[in-house]
Amino acid sequence: MFEWIGAMTGQAVAIEERAPTASVAVDGAAVFLLGAALQFNVLTSSFGLPFQRLSDLLPFLLIPWLGLRRAVLAEAMRNVAPLSGIVVVIAASLVLKAHILAGDVYLTLVLLLYVVQAFILLVLFRDARIESAFCAGLLAGLLGSLAVLLLTSTGASLERFGLAVPTDGLDEDLKLFFQDKLGGLWISGNETGHVFALAGAAALLLSLRYRTKAVYLVYFAALLTSFPLTNNRAGLIMPLLFLAVLMRRNLKAPAILTALGILGALLVAWSVTGEIPLPGTLSQAIERRFAEDTNVSSNVDERFLSGISALQLVVAYPFGVGEVARRSGLQALTGLVTPHNGFVSLALQSGLATLLLLVAGLVRILLAPGAAGPLLTYTALFLIPSLMFEELSVNQYVLFFMALVVASLAIAREPGALRTGPG
Numbered sequence: 000m001f002e003w004i005g006a007m008t009g010q011a012v013a014i015e016e017r018a019p020t021a022s023v024a025v026d027g028a029a030v031f032l033l034g035a036a037l038q039f040n041v042l043t044s045s046f047g048l049p050f051q052r053l054s055d056l057l058p059f060l061l062i063p064w065l066g067l068r069r070a071v072l073a074e075a076m077r078n079v080a081p082l083s084g085i086v087v088v089i090a091a092s093l094v095l096k097a098h099i100l101a102g103d104v105y106l107t108l109v110l111l112l113y114v115v116q117a118f119i120l121l122v123l124f125r126d127a128r129i130e131s132a133f134c135a136g137l138l139a140g141l142l143g144s145l146a147v148l149l150l151t152s153t154g155a156s157l158e159r160f161g162l163a164v165p166t167d168g169l170d171e172d173l174k175l176f177f178q179d180k181l182g183g184l185w186i187s188g189n190e191t192g193h194v195f196a197l198a199g200a201a202a203l204l205l206s207l208r209y210r211t212k213a214v215y216l217v218y219f220a221a222l223l224t225s226f227p228l229t230n231n232r233a234g235l236i237m238p239l240l241f242l243a244v245l246m247r248r249n250l251k252a253p254a255i256l257t258a259l260g261i262l263g264a265l266l267v268a269w270s271v272t273g274e275i276p277l278p279g280t281l282s283q284a285i286e287r288r289f290a291e292d293t294n295v296s297s298n299v300d301e302r303f304l305s306g307i308s309a310l311q312l313v314v315a316y317p318f319g320v321g322e323v324a325r326r327s328g329l330q331a332l333t334g335l336v337t338p339h340n341g342f343v344s345l346a347l348q349s350g351l352a353t354l355l356l357l358v359a360g361l362v363r364i365l366l367a368p369g370a371a372g373p374l375l376t377y378t379a380l381f382l383i384p385s386l387m388f389e390e391l392s393v394n395q396y397v398l399f400f401m402a403l404v405v406a407s408l409a410i411a412r413e414p415g416a417l418r419t420g421p422g
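In terms of numbering that gives the first Met the number 0, the sequence shown opens at residue 0 and continues consecutively.
One or more hints might be untrue.
[To be verified] DEER-style ranges, computed between Cβ atoms:
hint: 1; residue 1: R247; residue 2: A146; range: 44 to 50 Å
hint: 2; residue 1: T211; residue 2: A28; range: 20 to 26 Å
hint: 3; residue 1: L150; residue 2: E171; range: 20 to 26 Å
hint: 4; residue 1: A139; residue 2: L355; range: 40 to 46 Å
hint: 5; residue 1: F160; residue 2: A139; range: 31 to 37 Å
hint: 6; residue 1: M387; residue 2: V86; range: 23 to 29 Å
hint: 7; residue 1: V217; residue 2: A367; range: 26 to 32 Å
hint: 8; residue 1: A28; residue 2: P317; range: 24 to 30 Å
hint: 9; residue 1: V314; residue 2: D170; range: 29 to 35 Å
hint: 10; residue 1: F160; residue 2: I62; range: 41 to 47 Å
Source of the hints: derived by calculation from the structure; they are not laboratory data.
Glycine is no exception: its CB is placed at the ideal position from the N, C-alpha and C atoms.
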């Protein structure tokens, strides 16, 4: 497994002349800003714009500009049939949903725009310099988003700056939940934890491509800093796994014994005093989410019930049910409004055919990771566990990476036709 993952950055073979440096610099700056905006995703709706978030506005700017590149137009012409098919499938759910109320088509329309934008980006990412610039932008935006999260924890009111989701009109129980699991730029830690987790794909790519583990270590430190505020456990799974993969040669016996000794001391202190001797917020988060979580059984039952009920809705409404009707339908069946699963929520939101496109894209990537390239491969590996735990099809950051996976179905894979630039 280790060799398979590490080999992703070594698959690059130059098959065409490198683009002029000036052109790469301009495109690199554009995709860097896109990556930063996806993470530091300001709520443009707070300023009266007809877009929920900054990333929803960018396709209207980037598609006409980047889409006119010669390589993009040539790729689109070669693959016009699969690209048109994907667009038609997603667009169909805009009119075939069972219930279309105000706002019901918004996220499906966003997904459609993201897919077109993602196709363009995948062509540009054949130059690894542009792909690296995008990943660097994601990590820069992550640091900004983390700063907002930390600022939110101080009680600062950031809604008027578009840096927090307004909670006016929500019932008190939901408000307490969002205060317990802070979201910063997103509504709750259940979203933010996975947004930060998915950024691990970019950190892993840069660490392996440029042979510097510091990038991933800084990313992981940022993720751990966010945990006491988001309280999101599932978002730690894949970043921890790949940290072990990345650091496996550094895991010598002395380091392992030292870590086990520190862990043992913390457990002894907790068993004797009932408190974990760590900084207050971190200690409370660990106790609440690991040591004192008595809600595990009921949480599993709740997820099973909501998941089964949501699948019944998927079967009943294969073209999607609409966001408002989906929530009210689930609430009527189970008393819950979420299926706790991103795959199921995507089917309810944008139709079963759209879900099948996503699954097909993930399977295609994981069956041929060398042909897919590192960014798509790492994205798939980080994306799947997150989608299994949370309803993330309503999150524009995660929706963008779903679109990237779907758009990859329209990219032909010819032997050797991978990428230029540093591998």
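Do the hints match the structure? See the list:
1. R247 with A146: 44 to 50 Å: 32 Å, violated
2. T211 with A28: 20 to 26 Å: 22 Å, holds
3. L150 with E171: 20 to 26 Å: 24 Å, holds
4. A139 with L355: 40 to 46 Å: 35 Å, violated
5. F160 with A139: 31 to 37 Å: Roughly 19 Å apart at Cβ, these two residues miss the hinted range, so it is violated.
6. M387 with V86: 23 to 29 Å: 27 Å, holds
7. V217 with A367: 26 to 32 Å: 31 Å, holds
8. A28 with P317: 24 to 30 Å: For A28 and P317 the Cβ distance comes to about 43 Å; the hint is violated.
9. V314 with D170: 29 to 35 Å: 31 Å, holds
10. F160 with I62: 41 to 47 Å: Violated, at about 28 Å.
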